[in-house]
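Visitor: Sequence:
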Amino acid sequence: MESFDQLDLEYFQTEVENHVGILRIDRPPVNAHNIDVLLELQRAVEGVRFDDDVRVCVFGSANEDIFSTGFDINDLQTEEAHQIGYASQTSKEIIMKMRTTDTIFIAAVDGHCMGGGLELALACDFRFVGDDDNYRVGMPEVHLGLIAGEAGTQLLPRYINRSDALRMMITGEELTPQEAYEKDIFDEIHPPEDVEDAVFEFAEEIVEKPAGAVGHNKLAVNEGLEMPLWDALSHERELQNALLGSDSAKEGVDAFLEDREPDFVGVEIGEKDAPEPTSDD
Numbered sequence: 001m002e003s004f005d006q007l008d009l010e011y012f013q014t015e016v017e018n019h020v021g022i023l024r025i026d027r028p029p030v031n032a033h034n035i036d037v038l039l040e041l042q043r044a045v046e047g048v049r050f051d052d053d054v055r056v057c058v059f060g061s062a063n064e065d066i067f068s069t070g071f072d073i074n075d076l077q078t079e080e081a082h083q084i085g086y087a088s089q090t091s092k093e094i095i096m097k098m099r100t101t102d103t104i105f106i107a108a109v110d111g112h113c114m115g116g117g118l119e120l121a122l123a124c125d126f127r128f129v130g131d132d133d134n135y136r137v138g139m140p141e142v143h144l145g146l147i148a149g150e151a152g153t154q155l156l157p158r159y160i161n162r163s164d165a166l167r168m169m170i171t172g173e174e175l176t177p178q179e180a181y182e183k184d185i186f187d188e189i190h191p192p193e194d195v196e197d198a199v200f201e202f203a204e205e206i207v208e209k210p211a212g213a214v215g216h217n218k219l220a221v222n223e224g225l226e227m228p229l230w231d232a233l234s235h236e237r238e239l240q241n242a243l244l245g246s247d248s249a250k251e252g253v254d255a256f257l258e259d260r261e262p263d264f265v266g267v268e269i270g271e272k273d274a275p276e277p278t279s280d281d
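Terminal number for the sequence shown in the UniProt record's numbering: 281, no gaps in between.
You may find that some hints are simply not true.
[To be verified] In silico DSS-like links for lysine-lysine, alpha-carbon gap of 30 Å or less: (1) Lys183 - Lys92; (2) Lys218 - Lys97; (3) Lys97 - Lys209.
For the record, the hints were derived by calculation from the structure and aren't laboratory data.
Full structure from sequences and hints, please.
Guide: And the structure:
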């Protein structure tokens, strides 16, 4: 399979810097997506999933003022309804693939983030936004006689107050980044020129952590919250048991006992040998 940074995509840019995968949507003028864009996004997400060199993925935009305005409205007029339905279902499947891939996705939103664009941002584990009152954040599908059909009706109320989420959807209200941040749609807000620096600083911090433990924490939360408590606790146990005895766990324990910084990256990519078990003899 092609490495993430070698993917030949028309609507996305991909690169890897210091184990951080960078995925930028690039479909001028407003980064609207259609089925072709979604199928490429699916390839990109699968690229992240299978590329061990990518320990964190930053999802941003090649457009300075727009993250994404969502699904291409022109397609709503020209495509058959069942094809649009398939596109919507494909988007949901990609979003769930992002949520169940044991790599952290961080959305770098520095521009307008509307409709399906916001839904793609909600698929990420963390969202950083630029503080510019000219940017608009919202789910305006009601103005088209539609609902947020790319998982938005389910994801947004999982992050913010149910009434606030429903109000956004039934009124189509548009928020500034600050208002969206205050509603907990975004995790951090920064001046526009500082957003990517803040995202990469956080991504580089995650890179240094044990990838298995990071990924299993993500899966325990994302999957466990959808289960009854006892099922979720069983799931947590299985994820923890899978880590016990791993090379990363050995490195972490040895580093703690030896009062040194662990080298999880070196152990996990084979640049450093895992510690040998201590003999009782």
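Visitor: Each of the hints needs a verdict: does it hold here or not?
Guide: Results of checking the hints against the structure:
| no. | hint | verdict |
| --- | --- | --- |
| 1 | Lys183 - Lys92 | holds (23 Å) |
| 2 | Lys218 - Lys97 | holds (13 Å) |
| 3 | Lys97 - Lys209 | holds (22 Å) |
The structure fails none of the hints (numbered hints given earlier).
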